[in-house]
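Participant: Residues per chain, in single letters:
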Amino acid sequence: MDQHRAHGGQDLAKQAISDVLAGRISRRAFIGRATLLGLSGGTIAAVVAACGGGTPSGSPAGSVASFGPTTPPASAAAFDPMKYAGEKVRISIVDGERDEAGLKDKIPEIKEKMGIDVELSTAALGALLEQNNQNLRAPESAFDIMHVLGFSVAGTVGADLLQELTPWVADPARTPDGYDLADFPAGALDYCGYFDIATGAFGGDKLYLIPGIHSGSCILFYRKDLLDAAGVAVPTNWEDYLAAAEKLTSGDVAGNSMIGANDVSLFLVDWYTRFITMGGTFTTGSKADKTLQTNFTSAESVRALQHMIDCVPFAPSAVASYGFTEGLDAFISGKVAMMLFWSTIGGGIYAPDSPVAATTETAVMPADAGQTPRAVRGGWGLGIPKNLPDKNKDVAWHLLTYLTSAEFEKYQVATYQTDPNRSSTFTDPDLVEKLPYLPIAGEAAESAQILEVANIPETFAIVGEAAREFNLALVGTQDAATACQKAQDASLAILRTGGHLA
Amino acid sequence: MESAHAEGRIARSPLHTRRDVVLLVAPALAYLLAFSLFPLLYSLTISFFRWDQVASSFEFYGLGNFTDLAADPVFRQAAVNSALMTWLGVLIQVVVGTSLALFFDLRLRGSWFVRGILVLPMLLTPVVVGLMWRALLNPDWGMINWTLGQLGLPEPLWLGNPSLALWTLTAVDSWQWTPFVMVVVFARLQALPRDVFEASQVDGASRLATLTRITLPLLAPAIVFAAIFRAIDAFRSFDVVFGLTYGGPGRFTTTMSFYTWEQGFSFTRYGYASALAYVMVVVATIGLTVLFRFVRIRREDAS
Numbered sequence: 040m041d042q043h044r045a046h047g048g049q050d051l052a053k054q055a056i057s058d059v060l061a062g063r064i065s066r067r068a069f070i071g072r073a074t075l076l077g078l079s080g081g082t083i084a085a086v087v088a089a090c091g092g093g094t095p096s097g098s099p100a101g102s103v104a105s106f107g108p109t110t111p112p113a114s115a116a117a118f119d120p121m122k123y124a125g126e127k128v129r130i131s132i133v134d135g136e137r138d139e140a141g142l143k144d145k146i147p148e149i150k151e152k153m154g155i156d157v158e159l160s161t162a163a164l165g166a167l168l169e170q171n172n173q174n175l176r177a178p179e180s181a182f183d184i185m186h187v188l189g190f191s192v193a194g195t196v197g198a199d200l201l202q203e204l205t206p207w208v209a210d211p212a213r214t215p216d217g218y219d220l221a222d223f224p225a226g227a228l229d230y231c232g233y234f235d236i237a238t239g240a241f242g243g244d245k246l247y248l249i250p251g252i253h254s255g256s257c258i259l260f261y262r263k264d265l266l267d268a269a270g271v272a273v274p275t276n277w278e279d280y281l282a283a284a285e286k287l288t289s290g291d292v293a294g295n296s297m298i299g300a301n302d303v304s305l306f307l308v309d310w311y312t313r314f315i316t317m318g319g320t321f322t323t324g325s326k327a328d329k330t331l332q333t334n335f336t337s338a339e340s341v342r343a344l345q346h347m348i349d350c351v352p353f354a355p356s357a358v359a360s361y362g363f364t365e366g367l368d369a370f371i372s373g374k375v376a377m378m379l380f381w382s383t384i385g386g387g388i389y390a391p392d393s394p395v396a397a398t399t400e401t402a403v404m405p406a407d408a409g410q411t412p413r414a415v416r417g418g419w420g421l422g423i424p425k426n427l428p429d430k431n432k433d434v435a436w437h438l439l440t441y442l443t444s445a446e447f448e449k450y451q452v453a454t455y456q457t458d459p460n461r462s463s464t465f466t467d468p469d470l471v472e473k474l475p476y477l478p479i480a481g482e483a484a485e486s487a488q489i490l491e492v493a494n495i496p497e498t499f500a501i502v503g504e505a506a507r508e509f510n511l512a513l514v515g516t517q518d519a520a521t522a523c524q525k526a527q528d529a530s531l532a533i534l535r536t537g538g539h540l541a
Numbered sequence: 044m045e046s047a048h049a050e051g052r053i054a055r056s057p058l059h060t061r062r063d064v065v066l067l068v069a070p071a072l073a074y075l076l077a078f079s080l081f082p083l084l085y086s087l088t089i090s091f092f093r094w095d096q097v098a099s100s101f102e103f104y105g106l107g108n109f110t111d112l113a114a115d116p117v118f119r120q121a122a123v124n125s126a127l128m129t130w131l132g133v134l135i136q137v138v139v140g141t142s143l144a145l146f147f148d149l150r151l152r153g154s155w156f157v158r159g160i161l162v163l164p165m166l167l168t169p170v171v172v173g174l175m176w177r178a179l180l181n182p183d184w185g186m187i188n189w190t191l192g193q194l195g196l197p198e199p200l201w202l203g204n205p206s207l208a209l210w211t212l213t214a215v216d217s218w219q220w221t222p223f224v225m226v227v228v229f230a231r232l233q234a235l236p237r238d239v240f241e242a243s244q245v246d247g248a249s250r251l252a253t254l255t256r257i258t259l260p261l262l263a264p265a266i267v268f269a270a271i272f273r274a275i276d277a278f279r280s281f282d283v284v285f286g287l288t289y290g291g292p293g294r295f296t297t298t299m300s301f302y303t304w305e306q307g308f309s310f311t312r313y314g315y316a317s318a319l320a321y322v323m324v325v326v327a328t329i330g331l332t333v334l335f336r337f338v339r340i341r342r343e344d345a346s
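Chains as they are written, first to last, in the working numbering: chain A, 40 to 541; chain B, 44 to 346.
Bear in mind the hints are in silico, worked out from the structure with no lab data behind them. What you are looking at is a predicted structure, and each value in this text was computed from that prediction instead of being measured. For every residue, glycine included, the Cβ atom is placed at its ideal position computed from N, Cα and C. Where hints are given, some of them may not hold.
Residues on chain A that point at chain B, a partial pick, calculated with CB under 8 Å [said to hold, decoys possible]: (1) E169; (2) A300; (3) N301; (4) T320; (5) T322; (6) T323; (7) T330; (8) A359; (9) A500; (10) G503; (11) R507.
Reference listing, derived: stretches of chain A covered by chain B, where coverage requires no fewer than 3 residues with Cβ under 8 Å from a Cβ of chain B [claimed, not checked]: (12) 345-357; (13) 366-372.
Computed list of chain A residues with no C-beta within reach of chain B, every gap over 10 Å [what the hints assert, rightly or not]: (14) G217; (15) D279; (16) P475.
Please model the entire structure based on the sequences and the hints provided.
Facilitator: Shown next as C-alpha cells:
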C-alpha cells in the first residue's frame, strides 16, 4: 500500500477527484477510494463540498446509516448490522457532560438491531484521562471503545496507542452505506480524527478517531432583551464588548461574565479567544528542533488578560470563582447579559424550563479589525485501543459506526442538547427550531482554531499553570503583566522538561 | 494428660518450632511485603526517575526530582498550606471536640440525640463534603450567603477570596472531623476513675480547678492521641480540597496531597509526584513515630 502510494498515489488521487467531480463515481465511492489513497479529511471534505451539499449519492439527504434488524445484506460485501450479534462491547465515556445519556437510552435498541450488548462505563474527566492512559498501555485494554479528549490526542493517538481506522471507513463490509465522513467539519476531523504520528501533528491522512460524542467551540451568548433595552448593539470587537458590558451593568444584572475560576476554561474560553482575535500567536519555534516557546509575554497576551481584568467590574462579584457550572447558573438565572462560553451549554440555556430561553441569542466571538472571529477548538473523539484482540476491534468498529452516525447524533442532540459534530446536525431544521444557537455553533465549529500546544502531551500542564496565574490576576493579587510573565516562566519550564525546548 | 502435653512441647525440636513460626508469620509478612514495602520501595525508585507516562519518557534523574522540589515555589506554598491547614485545623478540632465531649458528659436530657447528629459529618465521604459545602458557599445562590444577606451582613467570597479560601477549607475540614475528636475524648471521659472526682469534691475543689487540674490531665492521652491522628490525616487531606476549591484561587489552597495528585494524575509526571509523595511519607512517618512512642508510654503507665 505504501509503495502504491509512493509511486502512483498522486495520479490515482487526481483521477478519483476528477471522477467524482465529473459524476463518474458517487461521493460515497470517492470517500472510500480517497481514504485508501491517503487523502486528508480536509481534502476529501472540500471535494465532496464541491460536488454540492447533501450526502453521498445513494443516500437521501439527512439519511442515516442502515441498521435495520432484519434487513439482510445486499451482498456478501455489504454491511450486515447483525454480523456481530451476541458479542459485547465495553465503552468508556466521560461523565458529567451528558455524553453517555443518549447511549444509555439506546442500549436496548442496539441489542435489538445489532444484537450487541453494550457495557457502559463513565468517569469524570480527570479519572477518564488516567483510566485511558492505563488501559492503552496495559497488555490488553478493558474497553473496546474509548472516549478521547481533543487535548489528549497527542498523548494517546500520538503515542500510537489507538487503532487506525482509515481502511475500515472505506470498507463497505465494515461501514454502512451512507456513513458520511465528510459530514464532519474538516477542522474537527483534523483535530479528533486524523493524526500524523511521525511528525506529531494534527491532520494528515491516517484516521484514528471519529469526532464524538459532543464537539464544540465557543460563542457569545447574549440577552437580546437587555441589549435592546439598553440600546446596545451586539459587540463585534473587544472595545465594544467592554463598553457594552459597562452599559449593560445594572443593579441585578452584570453586563458580562466569564469563567474566572482556577479552571482550564478560563484560559481556553476567555483568554485564548481574546488573545487570538487580538492578533496573538501563541507559540513560536517548533518541537522538532527543540525551540518551541509560548508567547505569554507578548503585547497581545497581556492585553487579552488586561481586557478580562477590565471586564471584572461589570461581571458578577464572585466571577473570579466562577467555573463552568457557576457561570452557566448565573446566566440561566438571568443575572448576566453577555457571556463567552462553550457552545455546548446552549442546550441548557434553551432548555424548555430555562427562564432565559426566549430572550437569549448567540453570535460569533468579537474580534479586532482584520481578525477572523474564532475561538479554540474543543471536542472529543471515539477510538478503538490498539491493544485489543482483532475480534474486539471488529465489533467495536461495527458499533462505532452507529455511535458516530447522523442518526444517533440527532437523537443525542435533540434529547440531551449536547453540541453536534456533524455539519448536517448543526443545520438540521428541526433541531435548529428547538436549539436556535446551533447554526452559530456550527459556524464556530468550522472556524475554530486548534490550540497550538494541543499536539504535545504537556498541554494540560501549560494551560493549568497559566489559568492559575490568570485567576490570581482576576482576583487582584497581581497585574496582567506579572501574571503573563509567571505563566511564561512556568510554561517554558514545562516545555524544557518535556524536551520541546532546549 | 497435662503432663503429656508438656512433655510433647518439650520434645518438639527447635527446627519444628522455627517452621511453625515461619508458617504463622508468613501470611502477615507477605501482606506487608506486597502492600507496604513494595509500594514504598517502588515509589522511592520512581522518585529517582524522570517518568512522564504520556510523553513515554523514563530516564534516570538521580536526586533531580528532589532538588527540583526544593526549588519549586508551588511546592513551598503547598507545604505552607498543608502545615497551616493541619495545625489550625487540629487546634480547632481539639478545642471544640474536647469542649463538646465535656458538654455531653453533663448528660443533659436529649444529649444523646444531639450527639448522634453531631457525629454524622464524620460518616460522609470527604469529597462529598467538599461538593456539599461548595454549594452551600456558592456566592450567588448558596444558603450561607443568602442567610447573611437576609440578615444585612456582608456576603464574603468564601472560596474566591485568596485571604479567606484556606480558612474556609480548614473550617470545612474541622466541621467534618471535630466529631472524631469529640468521640475519642468522650469515650475516655467515660472511662475516667470516678473516685478521683469524688475526692476532689470532698476536698472542696472548684469546678474550674477540677477541670484544669484533674479532668484535662487525665484526658491528655486521649486528646494527644486524637490530635496526632487528626494531624496525620489532615496533613494528607486531598478529597475535600478537590471537591471544594480545586487548590485555588491560584495556589492558595493547594496542599501537598493535591499537588502530588495534580503532578501525578493530571500532568502524569510520576517521578516528580513520587518524590513529592515520598517527602510526605517522611513527614507522616515522623508523626506516626511520635504517635507510637506516645502509645508505648501509656502502656507503661498502665502497667
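Participant: Indicate, hint by hint, whether the structure satisfies it.
Facilitator: Status of each hint after checking the structure:
Below 8 Å, beta-carbon pairs count as interface contacts, and E169/A has one with chain B at about 5 Å; its hint therefore holds. With 8 Å as the threshold, the beta carbon of A300/A comes within range of chain B, its nearest partner Cβ sitting at about 6 Å, so the hint holds. Checking N301/A against chain B by beta carbon gives a least distance of about 3 Å; that is within 8 Å, so the hint holds. For T320/A, the interface hint is violated, the least distance from its beta-carbon to any beta-carbon of chain B being 24 Å, above 8 Å.
The criterion of a C-beta within 8 Å of any C-beta in chain B is not met by T322/A, whose closest approach is roughly 17 Å, and the hint is violated. Given the 8 Å rule on beta carbons, the hint for T323/A is violated: about 21 Å separates it from the nearest Cβ of chain B. Given hint, T330/A at the interface with chain B, is violated; its Cβ is 18 Å from that chain's nearest Cβ, farther than 8 Å. Evaluation of the A359/A hint against chain B yields a held restraint, the C-beta minimum of about 5 Å falling below 8 Å.
Because the smallest distance between the Cβ of A500/A and any Cβ of chain B comes to about 4 Å, under 8 Å, the interface hint for this residue holds. Residue-level restraint check for G503/A holds (minimum Cβ-Cβ distance to chain B is 7 Å; threshold 8 Å). A least Cβ separation of about 5 Å between R507/A and chain B falls short of the 8 Å threshold, and the interface hint therefore holds. Coverage of the stretch 345-357 of chain A by chain B holds [criterion: at least 3 residues with CB-CB distance below 8 Å; count 3].
For the stretch 366-372 of chain A, the stated coverage by chain B holds: 3 residues have a C-beta nearer than 8 Å to a C-beta of that chain, and at least 3 were required. Distance check on G217/A: its Cβ is at least 37 Å (rounded) from any Cβ of chain B, clearing the 10 Å threshold; non-interface status holds. Look at D279/A: its CB is around 27 Å from the nearest CB on chain B, clear of 10 Å, so calling it non-interface holds up. Its beta-carbon lying about 26 Å from the closest one in chain B, P475/A satisfies the requirement of being farther than 10 Å from that chain.
Of the numbered hints stated above, those contradicted by the structure are hints 4, 5, 6 and 7, listed in ascending order.
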